[in-house]
Amino acid sequence: MELFIQQLVSGISIGAIYSLLAVGYALVYSVYNFTNWAFDAFMAFGAFMAFTSISSLFLPFWAAGAISIVLTVILAVSAEKLAYSPLRARKAPRLFMMISAMGVNLAIVNIINLIYGGTFRKFPVDALQPIFIGNVSIGRTDLVAGGISFIVLALLWAFLYRTRWGLGVRASSIDILTASLMGINNNGVAVVVFTLTGILSSVAGIFYGIKYAVYPMMGMVTIKAMIASIVGGLGSLPAAIVGSMILGILETMVSGYISSTYRDLFSFLFLIVILLFFPNGLMGKSVEEKL
Amino acid sequence: MGYLIAIIILCGINIVAALGVAILTGYTGLFTIGHAGFMALGGYMSAIMVKELHVPYPLALLIGGTFAGLCSFIIGYPAFRSRLRGDYFAIATLGFSEAIRLLLNNTRGLGQSLEDSTSRLGQGTSSLLIKLGGAFGYMNLPNVTTVGVVVITVALALFFAHMYVTSQYGKNSIAISQDEVAAEMMGVNLLKTKLISLFISAFYAGVAGGLLGFYFAYLSPSLFTITKSSDLLAAVVFGGIQSLIGPFITAFVLIGVPELLRTFAEWRLIIYGFLFVIVMIFRPQGLLGYVEMNFSFLGRWWNAIFRRKHTPSQEG
Numbered sequence: 000m001e002l003f004i005q006q007l008v009s010g011i012s013i014g015a016i017y018s019l020l021a022v023g024y025a026l027v028y029s030v031y032n033f034t035n036w037a038f039d040a041f042m043a044f045g046a047f048m049a050f051t052s053i054s055s056l057f058l059p060f061w062a063a064g065a066i067s068i069v070l071t072v073i074l075a076v077s078a079e080k081l082a083y084s085p086l087r088a089r090k091a092p093r094l095f096m097m098i099s100a101m102g103v104n105l106a107i108v109n110i111i112n113l114i115y116g117g118t119f120r121k122f123p124v125d126a127l128q129p130i131f132i133g134n135v136s137i138g139r140t141d142l143v144a145g146g147i148s149f150i151v152l153a154l155l156w157a158f159l160y161r162t163r164w165g166l167g168v169r170a171s172s173i174d175i176l177t178a179s180l181m182g183i184n185n186n187g188v189a190v191v192v193f194t195l196t197g198i199l200s201s202v203a204g205i206f207y208g209i210k211y212a213v214y215p216m217m218g219m220v221t222i223k224a225m226i227a228s229i230v231g232g233l234g235s236l237p238a239a240i241v242g243s244m245i246l247g248i249l250e251t252m253v254s255g256y257i258s259s260t261y262r263d264l265f266s267f268l269f270l271i272v273i274l275l276f277f278p279n280g281l282m283g284k285s286v287e288e289k290l
Numbered sequence: 000m001g002y003l004i005a006i007i008i009l010c011g012i013n014i015v016a017a018l019g020v021a022i023l024t025g026y027t028g029l030f031t032i033g034h035a036g037f038m039a040l041g042g043y044m045s046a047i048m049v050k051e052l053h054v055p056y057p058l059a060l061l062i063g064g065t066f067a068g069l070c071s072f073i074i075g076y077p078a079f080r081s082r083l084r085g086d087y088f089a090i091a092t093l094g095f096s097e098a099i100r101l102l103l104n105n106t107r108g109l110g111q112s113l114e115d116s117t118s119r120l121g122q123g124t125s126s127l128l129i130k131l132g133g134a135f136g137y138m139n140l141p142n143v144t145t146v147g148v149v150v151i152t153v154a155l156a157l158f159f160a161h162m163y164v165t166s167q168y169g170k171n172s173i174a175i176s177q178d179e180v181a182a183e184m185m186g187v188n189l190l191k192t193k194l195i196s197l198f199i200s201a202f203y204a205g206v207a208g209g210l211l212g213f214y215f216a217y218l219s220p221s222l223f224t225i226t227k228s229s230d231l232l233a234a235v236v237f238g239g240i241q242s243l244i245g246p247f248i249t250a251f252v253l254i255g256v257p258e259l260l261r262t263f264a265e266w267r268l269i270i271y272g273f274l275f276v277i278v279m280i281f282r283p284q285g286l287l288g289y290v291e292m293n294f295s296f297l298g299r300w301w302n303a304i305f306r307r308k309h310t311p312s313q314e315g
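Residue numbers (numbering that gives the first Met the number 0), protein chains in the order written: chain S, 0 to 290; chain A, 0 to 315.
Since the hints were made in silico from the structure, they are not lab data.
Since we're looking at a predicted model, the values are computed, not measured.
Positions of the beta carbon are idealized from the N, C-alpha and C atoms, including for glycine.
Check each hint, because a few of them may be wrong.
[Stated by the list, open to error] Per the computed footprint, the stretches of chain S lying under chain A, defined by three or more beta-carbons under 8 Å from a beta-carbon of chain A, are:
no., segment
1, 80 to 91
2, 96 to 107
3, 222 to 231
4, 254 to 263
5, 274 to 282
Sequences and hints are given; from them, build the entire structure.
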């Protein structure tokens, strides 16, 4: 029973990190109708910036986090300006946007690889003692990662549903052309969306780095976020969060009770099973619908 | 000379796999970043056929390819039935290839866990899995892939790919890549066409995997990483959508040039990345996008050289 509760808490915290990633994908997907493949590169970039700020510049954790967020936002917005917006201006098909994003991803990940090398690094924060409740030990990093992820998600919700800018983003997600005819600044929306993407990927990268390790290919974990959003149902934010939680808990349960080697295999099998029996995802209505 | 031959063989193998990706991504419009997984399946299957069951080598290649093609239905059927497209199908293929790699990495552990089984089938599976060697690789394969074999395979692959894309199924595939809804309304069976296209594509990858194994004389999961899949995708993206000859040329260049310029190996993927973006912005159809492979230019050259007196209008 202790093991079960420990794994559950750990699963919820990793699920929270997945939901940051899944929500980041869903945001871009809902507005621009393409998957931002560079997202995992942003995540690795964010983690490495925080890593460098702590290990080389000896900054405190919060300052490193802030620097990482700012730099990742700059990276995300410049990727949108240089690689995506010229294509959008030409009304290029989605396939081209996707390939362009993959290019950004390849370039950034391999530049990181060239500079830092491909080794796994421990994120330089002091190991926190786990909290004991009875016999159950709960990792404080899990609590912090899960807690901050939920706060970020709540802030994102508040931004999207309680501010004028958020209204603009939501309007653009329904129909970007009509939204711009109604006086919404398209370029402004793009900057807002990619700023949010940058924040989400940086936070997710830092916490994933703390929980596991910092390495150039760490962005591969975003495949889980994609699986989670397919499991939940494509293109909707709440479904992405539910899917991420289910996947996170499933993975930690598999690691705890079966074997951590086959964790990824199980998440993939889970995807196939879900696709076979719930073709639209657990909460999805139709593939064509959005946000 | 030996080095040059080695490069030609590697180029040829990659051309076969890249033609497979061209059929799926270039013609049917289904984006894949998991073809390394199909290469691994085909490679291991044909290696098992030759080494354990002593099947003749060319037949083993075909069996490997067919096996990879059949395995592609595991991912293809659920994905296409639920109309996963574009990005999400790409993710499914990536997940599939990573799962294959994970399993191959752990065949030893799996084999040892089956060792206690009493049935003969269990015993056989267990010893086979241990022989596959997990992350260490499947060693001591016969070294039978020669330049001749590769050149013949490439020629056959190109011929059959050309036959496919000019056939009714190929036309259906192109229709799907342009507009799925319109294609369905014109009576194209989406599921069937996509599955056929995926099968052929995986078959090509599987044959390429087999050739690779019998060239290196070993197979290991580390040969079939996501980098391999990105290389294949890069060949198709740079070579051009809806073209076979484009990916053919770029697969040759993309594999050949880095082999010759080994010192820049770590810059290769960075350059690919920037090239992806630049190509998409300035020449999104790729170098030879929408250029059908045909040999009519040979006829024109023939006319130009030997029948100078003909005017262009008479040539038609």
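Results for each hint:
no.	hint	in the structure
1	80 to 91	holds (count 5)
2	96 to 107	holds (count 11)
3	222 to 231	holds (count 4)
4	254 to 263	holds (count 3)
5	274 to 282	holds (count 4)
The structure is consistent with each of the numbered hints, conforming to all of them.
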